[in-house]
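Novice: Same order as they appear, the protein sequences are chains Z and S.
Read in order, the letters of the first sequence are residues 301 to 893 in my numbering.
Read in order, the letters of the second sequence are residues 301 to 893 in my numbering.
Think of the hints as simulated: they come from the structure by calculation, not from any bench.
This one's a predicted model, so the numbers in the text were calculated from it and none came from an experiment.
Check the hints yourself; a few may be wrong.
List time: in silico SDA-like cross-link candidates among lysine to any residue, alpha-carbon distance up to 20 Å [to be verified]:
1) Z:K792 / Z:L821
2) S:K593 / Z:D599
3) S:K593 / Z:N818
The primary structure of each chain is shown beneath.
Number of protein chains: 2
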Amino acid sequence: MFKRYFPILQWAPLYDRATLVDDLVAAVIVTIMLIPQSLAYALLAGLPAEVGLYASIAPLLIYAVFGTSRTLAVGPVAVASLMTAAAAGQLAAQGTPEYITAAVMLAFISGAMLTVMGLLRLGFLANFLSHPVISGFITASGLIIAASQLRHILGVEAHGHNLVQILFSLGAHLHEVNIPTLIIGVFATGFLFWVRGNLKPLLARLGITGRIAGVLTRTGPVFAVAATTLATWALALNGAGVAVVGAVPQGLPDLVAPSFDPELWRRVAVPALLISIVGYVETISVAQTLAAKRRQRVDPNQELIGLGTANIGAAVSGGFPVTGGFSRSVVNFDAGAQTPAAGAYTALGIALATMFLTPLLFFLPKATLAATIIVAVLSLIDLGAIRRTWVYSKADFAAMAATILVTLGFGVELGIIAGVALSLFLHLYRTSRPHAAVVGQVPGTEHFRNIRRHAVDLDPEVLSIRVDESLYFPNARYLEDLVLDAVTGDDKLHHVVLMFSAVNEVDASALESLEAINERLRDSGITLHLSEVKGPVMDRLRRSHLLDDLTGEVYLTHFDAMLALSPDRTRAALEAPRSETRRELLEAKPSAG
Amino acid sequence: MFKRYFPILQWAPLYDRATLVDDLVAAVIVTIMLIPQSLAYALLAGLPAEVGLYASIAPLLIYAVFGTSRTLAVGPVAVASLMTAAAAGQLAAQGTPEYITAAVMLAFISGAMLTVMGLLRLGFLANFLSHPVISGFITASGLIIAASQLRHILGVEAHGHNLVQILFSLGAHLHEVNIPTLIIGVFATGFLFWVRGNLKPLLARLGITGRIAGVLTRTGPVFAVAATTLATWALALNGAGVAVVGAVPQGLPDLVAPSFDPELWRRVAVPALLISIVGYVETISVAQTLAAKRRQRVDPNQELIGLGTANIGAAVSGGFPVTGGFSRSVVNFDAGAQTPAAGAYTALGIALATMFLTPLLFFLPKATLAATIIVAVLSLIDLGAIRRTWVYSKADFAAMAATILVTLGFGVELGIIAGVALSLFLHLYRTSRPHAAVVGQVPGTEHFRNIRRHAVDLDPEVLSIRVDESLYFPNARYLEDLVLDAVTGDDKLHHVVLMFSAVNEVDASALESLEAINERLRDSGITLHLSEVKGPVMDRLRRSHLLDDLTGEVYLTHFDAMLALSPDRTRAALEAPRSETRRELLEAKPSAG
Numbered sequence: 301m302f303k304r305y306f307p308i309l310q311w312a313p314l315y316d317r318a319t320l321v322d323d324l325v326a327a328v329i330v331t332i333m334l335i336p337q338s339l340a341y342a343l344l345a346g347l348p349a350e351v352g353l354y355a356s357i358a359p360l361l362i363y364a365v366f367g368t369s370r371t372l373a374v375g376p377v378a379v380a381s382l383m384t385a386a387a388a389g390q391l392a393a394q395g396t397p398e399y400i401t402a403a404v405m406l407a408f409i410s411g412a413m414l415t416v417m418g419l420l421r422l423g424f425l426a427n428f429l430s431h432p433v434i435s436g437f438i439t440a441s442g443l444i445i446a447a448s449q450l451r452h453i454l455g456v457e458a459h460g461h462n463l464v465q466i467l468f469s470l471g472a473h474l475h476e477v478n479i480p481t482l483i484i485g486v487f488a489t490g491f492l493f494w495v496r497g498n499l500k501p502l503l504a505r506l507g508i509t510g511r512i513a514g515v516l517t518r519t520g521p522v523f524a525v526a527a528t529t530l531a532t533w534a535l536a537l538n539g540a541g542v543a544v545v546g547a548v549p550q551g552l553p554d555l556v557a558p559s560f561d562p563e564l565w566r567r568v569a570v571p572a573l574l575i576s577i578v579g580y581v582e583t584i585s586v587a588q589t590l591a592a593k594r595r596q597r598v599d600p601n602q603e604l605i606g607l608g609t610a611n612i613g614a615a616v617s618g619g620f621p622v623t624g625g626f627s628r629s630v631v632n633f634d635a636g637a638q639t640p641a642a643g644a645y646t647a648l649g650i651a652l653a654t655m656f657l658t659p660l661l662f663f664l665p666k667a668t669l670a671a672t673i674i675v676a677v678l679s680l681i682d683l684g685a686i687r688r689t690w691v692y693s694k695a696d697f698a699a700m701a702a703t704i705l706v707t708l709g710f711g712v713e714l715g716i717i718a719g720v721a722l723s724l725f726l727h728l729y730r731t732s733r734p735h736a737a738v739v740g741q742v743p744g745t746e747h748f749r750n751i752r753r754h755a756v757d758l759d760p761e762v763l764s765i766r767v768d769e770s771l772y773f774p775n776a777r778y779l780e781d782l783v784l785d786a787v788t789g790d791d792k793l794h795h796v797v798l799m800f801s802a803v804n805e806v807d808a809s810a811l812e813s814l815e816a817i818n819e820r821l822r823d824s825g826i827t828l829h830l831s832e833v834k835g836p837v838m839d840r841l842r843r844s845h846l847l848d849d850l851t852g853e854v855y856l857t858h859f860d861a862m863l864a865l866s867p868d869r870t871r872a873a874l875e876a877p878r879s880e881t882r883r884e885l886l887e888a889k890p891s892a893g
Numbered sequence: 301m302f303k304r305y306f307p308i309l310q311w312a313p314l315y316d317r318a319t320l321v322d323d324l325v326a327a328v329i330v331t332i333m334l335i336p337q338s339l340a341y342a343l344l345a346g347l348p349a350e351v352g353l354y355a356s357i358a359p360l361l362i363y364a365v366f367g368t369s370r371t372l373a374v375g376p377v378a379v380a381s382l383m384t385a386a387a388a389g390q391l392a393a394q395g396t397p398e399y400i401t402a403a404v405m406l407a408f409i410s411g412a413m414l415t416v417m418g419l420l421r422l423g424f425l426a427n428f429l430s431h432p433v434i435s436g437f438i439t440a441s442g443l444i445i446a447a448s449q450l451r452h453i454l455g456v457e458a459h460g461h462n463l464v465q466i467l468f469s470l471g472a473h474l475h476e477v478n479i480p481t482l483i484i485g486v487f488a489t490g491f492l493f494w495v496r497g498n499l500k501p502l503l504a505r506l507g508i509t510g511r512i513a514g515v516l517t518r519t520g521p522v523f524a525v526a527a528t529t530l531a532t533w534a535l536a537l538n539g540a541g542v543a544v545v546g547a548v549p550q551g552l553p554d555l556v557a558p559s560f561d562p563e564l565w566r567r568v569a570v571p572a573l574l575i576s577i578v579g580y581v582e583t584i585s586v587a588q589t590l591a592a593k594r595r596q597r598v599d600p601n602q603e604l605i606g607l608g609t610a611n612i613g614a615a616v617s618g619g620f621p622v623t624g625g626f627s628r629s630v631v632n633f634d635a636g637a638q639t640p641a642a643g644a645y646t647a648l649g650i651a652l653a654t655m656f657l658t659p660l661l662f663f664l665p666k667a668t669l670a671a672t673i674i675v676a677v678l679s680l681i682d683l684g685a686i687r688r689t690w691v692y693s694k695a696d697f698a699a700m701a702a703t704i705l706v707t708l709g710f711g712v713e714l715g716i717i718a719g720v721a722l723s724l725f726l727h728l729y730r731t732s733r734p735h736a737a738v739v740g741q742v743p744g745t746e747h748f749r750n751i752r753r754h755a756v757d758l759d760p761e762v763l764s765i766r767v768d769e770s771l772y773f774p775n776a777r778y779l780e781d782l783v784l785d786a787v788t789g790d791d792k793l794h795h796v797v798l799m800f801s802a803v804n805e806v807d808a809s810a811l812e813s814l815e816a817i818n819e820r821l822r823d824s825g826i827t828l829h830l831s832e833v834k835g836p837v838m839d840r841l842r843r844s845h846l847l848d849d850l851t852g853e854v855y856l857t858h859f860d861a862m863l864a865l866s867p868d869r870t871r872a873a874l875e876a877p878r879s880e881t882r883r884e885l886l887e888a889k890p891s892a893g
């Protein structure tokens with residue numbers, strides 16, 4: 301029990317020298333990669349560069365204690381940084397102390413929310429972000445982020461929280477382009493794209509392959525940072541209008557006491573919740589993917605606590621919201637990290653950099669950081685997923701398209717809310733009008749299938765309806781209409797059998813509908829039977845009057861029901877040769893039924 | 301098409317003399333019943349008495365044109381009047397012109413919403429109010445209404461929108477009780493309860509039975525009104541502190557132009573939506589119940605238009621929100637109404653009363669109206685439903701209990717919102733952790749059932765899992781965990797068959813999970829098969845890569861799958877004697893599985 305909440309107790313006692321070496325090597329590599337990334341995401345969030353470094357120290361130490369993934373690396377990531385900028389920008393202007401306070405409080409409140417959700421074991425809530433909604437959201441966020449960073453590449457002023465605002469703002473300032481900035485930006489972007497696409501094949505020709513080549517291609521930003529910083533210093537380009545990071549305070553962050561102003565909490569609550577959930581979904585996806593590769597397990601509810609406490613740690617050390625990032629975790633994994641101790645060593649590395657290296661960052665051009673962001677986020681854009689979703693399901697596509705369009709047009713918060721709301725609405729709409737099929741016996745078998753898709757045998761005196769949905773309040777009334785419409789005007793009919801193989805629940809509303817159906821069929825001289833009622837549903841029905849009032853019987857199998865109600869015909873059909881093979885089923889044309 | 305939107309065109313051309321007589325008789329009876337009821341519900345809504353009469357004229361005329369029920373009677377009802385009081389009370393103080401304007405605008409906006417929902421065919425939205433939530437809401441509303449009317453019986457001041465407020469307020473004013481008012485109130489209440497409980501048996505002994513006796517017992521309030529009005533006039537009790545209706549303007553209402561102030565619309569939108577939906581659910585339930593008795597049909601979407609235009613009519617003629625009421629519709633039905641023309645004649649009757657009879661209402665004590673309300677709403681309170689729901693389903697009970705407690709403690713609007721939100725949340729929570737069963741062959745059959753409930757045959761090399769839920773985003777990740785946990789550490793296993801008989805949908809998120817399951821099982825040397833995939837699901841899967849990548853096969857029936865994967869054992873089990881009869885299934889003990 302105690303170990304569940306402190307996963308460090310599971311691996312720390314087994315820690316040995318070999319693991320230490322593996323973890324230290326990984327930590328050095330991740331530290332080198334994280335320094336430019338942390339600065340860049342602070343820039344994206346509209347915060348001073350050092351805030352990015354602060355967010356890469358305490359959270360890593362804390363996650364090492366509470367996290368269940370052995371290789372996840374937490375810290376600032378692109379999408380959460382964009383969401384932070386959008387939320388903090390509603391409370392204060394960029395560059396003000398209030399803006400930094402808002403970002404810190406976003407980390408604190410979302411950390412508190414995640415921790416509470418973890419203690420209440422509410423990890424399942426993250427599932428309500430469907431794959432298409434997340435995928436669409438990340439694609440749209442990537443486009444917004446890339447567009448927002450163009451201003452640093454061009455050296456102009458431009459602002460906005462959605463694509464339309466940003467592009468308009470960029471267009472209005474296009475005449476102010478700063479040529480030295482543009483040269484640095486284009487060089488850095490080009491170099492990073494070259495590294496991403498061409499370095500690995502080049503290294504392969506030099507005989508460097510596998511994990512080492514992968515890790516080297518991830519360190520491209522460090523070279524871009526070094527080269528452009530040197531060039532800016534040597535040519536004094538900051539005097540020629542190239543925006544640089546400037547003076548970064550040296551030393552570790554002061555501890556910050558979180559604010560408990562209820563008005564601030566109220567205003568930050570919704571964005572903090574959205575950042576929490578989006579961040580958690582990214583974290584758990586990355587953690588599970590990496591765990592599966594080494595046949596390890598992560599605990600989704602403990603991950604809420606791990607990420608939540610990491611965010612609280614970010615807040616009290618002056619940082620902004622953090623997430624388990626995909627690219628840094630992959631580098632950590634590929635570099636051979638064995639335990640979360642690698643993250644703790646990375647935190648020490650970043651702390652050392654914060655204490656001693658910040659003067660070197662003075663001449664680092666913002667255009668270079670923007671280039672690293674653009675190259676990173678363009679890989680998040682997945683147009684293939686949009687096409688695949690369109691082909692597979694129009695409802696999923698609608699949720700995805702709504703997420704993308706609302707995110708691009710109205711910003712990240714409304715985008716994610718629209719996606720979740722639409723996917724829930726479409727789900728409820730679909731279950732409120734359930735599919736139902738009239739079924740008949742597949743000759744030569746005890747199996748019953750849809751009469752509109754298969755060549756089956758039917759008795760005109762017995763109507764068999766397979767209800768393809770759990771019965772609950774959104775569709776209770778619909779079921780009533782469906783059954784009563786099906787029997788209207790059919791004088792030969794003596795029996796209706798509802799086949800419940802796909803009915804996983806009958807709630808109190810549906811129970812009333814079943815009672816109404818039973819009563820109205822009785823008035824018409826038709827007997828109502830049930831078949832293939834599942835155990836949990838049967839347990840429930842036994843606690844109601846339905847089974848006492850039912851005019852017919854409950855049968856274990858639909859075949860049993862037909863044997864009782866139409867014995868000769870059912871036995872004859874069972875003896876008949878099979879009309880369809882499995883292969884025919886697979887190749888059958890789709891039909892409307 | 302045209303006839304669909306104007307149902308009057310379906311019955312008016314066939315209208316004959318016999319129908320006219322039937323409708324006129326019903327109209328006279330309903331008019332007599334409606335006059336005190338309209339006054340009482342106006343009082344409940346905190347409005348002047350004449351507003352109740354106005355709400356019983358235009359809506360009836362308009363419903364006769366647009367409604368599809370032959371016998372529904374629209375007008376003010378108890379629950380909608382309470383909701384009107386709660387909503388209008390948030391915008392203005394009772395007794396002010398602004399309060400009346402708010403009530404009128406509630407009718408207008410909810411009428412507009414209903415009409416638009418009808419044109420968009422959104423009638424299914426009403427299904428999201430589950431039976432337990434409605435039942436709990438009506439019970440709680442009945443308690444609040446009865447408590448709120450006690451002040452008229454006691455002759456004291458007392459206010460509040462929830463039970464707690466009302467009871468505290470009553471307690472604080474209890475020393476101010478007006479004795480003559482209390483005498484009238486107790487007499488009227490006692491008389492009305494006597495009529496409800498004892499008049500029918502008495503009439504039966506006098507040889508009056510059936511419909512006529514039923515109609516006579518409904519006219520009790522008229523006698524109470526007449527007796528107490530006469531007594532108040534004769535004894536000048538209004539001088540002794542008995543509150544009376546007082547001067548009611550004579551004549552038909554002036555037409556009112558609705559306000560289009562966007563701020564007012566914004567503030568009224570949510571309560572208007574709640575009144576619309578609650579009113580519609582009551583209307584459609586009453587209409588369908590009565591239609592079924594005469595084998596008629598009502599069109600749920602056209603009923604939205606009928607009720608919506610009736611409310612717009614109420615608003616422009618100075619009335620407040622109307623609903624298809626249960627008791628008045630039953631009286632109309634029992635009195636022999638054949639067509640909605642009966643409603644139009646009732647409207648004429650009320651209009652005549654408004655023009656000529658209002659002076660007679662001057663001495664009508666408010667205590668008498670309160671008594672009619674109390675007796676009417678106490679019949680709405682259904683404690684048996686609470687007990688039945690508790691026995692049947694704890695989830696449904698939780699939604700019902702939340703609705704009742706929040707309604708009693710925080711008012712009608714929060715109550716209904718809490719009920720709907722909780723029932724949706726519980727549904728989503730349940731589907732996010734679906735039931736799944738390992739199944740085996742029932743000996744002597746081709747049927748497969750849960751190994752934890754039935755004596756079935758199993759092959760240790762083949763694991764058959766029946767998934768008891770549609771697969772979609774809330775449970776996609778859960779399915780992955782479930783299957784992978786089930787196979788972990790089982791070295792004998794060669795095949796997993798997912799039995800899809802209860803899977804009605806596989807959305808894009810679940811598709812990714814299935815692909816992940818297929819891949820991970822392949823890594824463990826286990827083949828994945830599917831069986832009993834339904835037509836619509838198969839159509840969808842054919843548009844993805846899953847069927848190409850699947851390591852195993854798709855089988856028409858689960859029996860086919862087992863014949864292919866474990867032929868000897870499956871054939872042997874089919875030849876074995878049946879271990880269970882249908883009777884045993886029904887009597888089987890519930891189990892955890």
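Novice: Give a verdict on every hint.
Specialist: Status of each hint after checking the structure:
For the suggested pair K792 of chain Z and L821 of chain Z, the alpha carbons sit about 14 Å apart, so the restraint of at most 20 Å is met. Taken as a hint, the K593 of chain S and D599 of chain Z pair is broken in the structure, with Cα atoms around 57 Å apart against an allowance of 20 Å. Under the criterion of a C-alpha separation no larger than 20 Å, the hint pairing K593 of chain S with N818 of chain Z is consistent with the structure, at around 15 Å.
Hint compliance for this structure: hint 2 is the single one not met.
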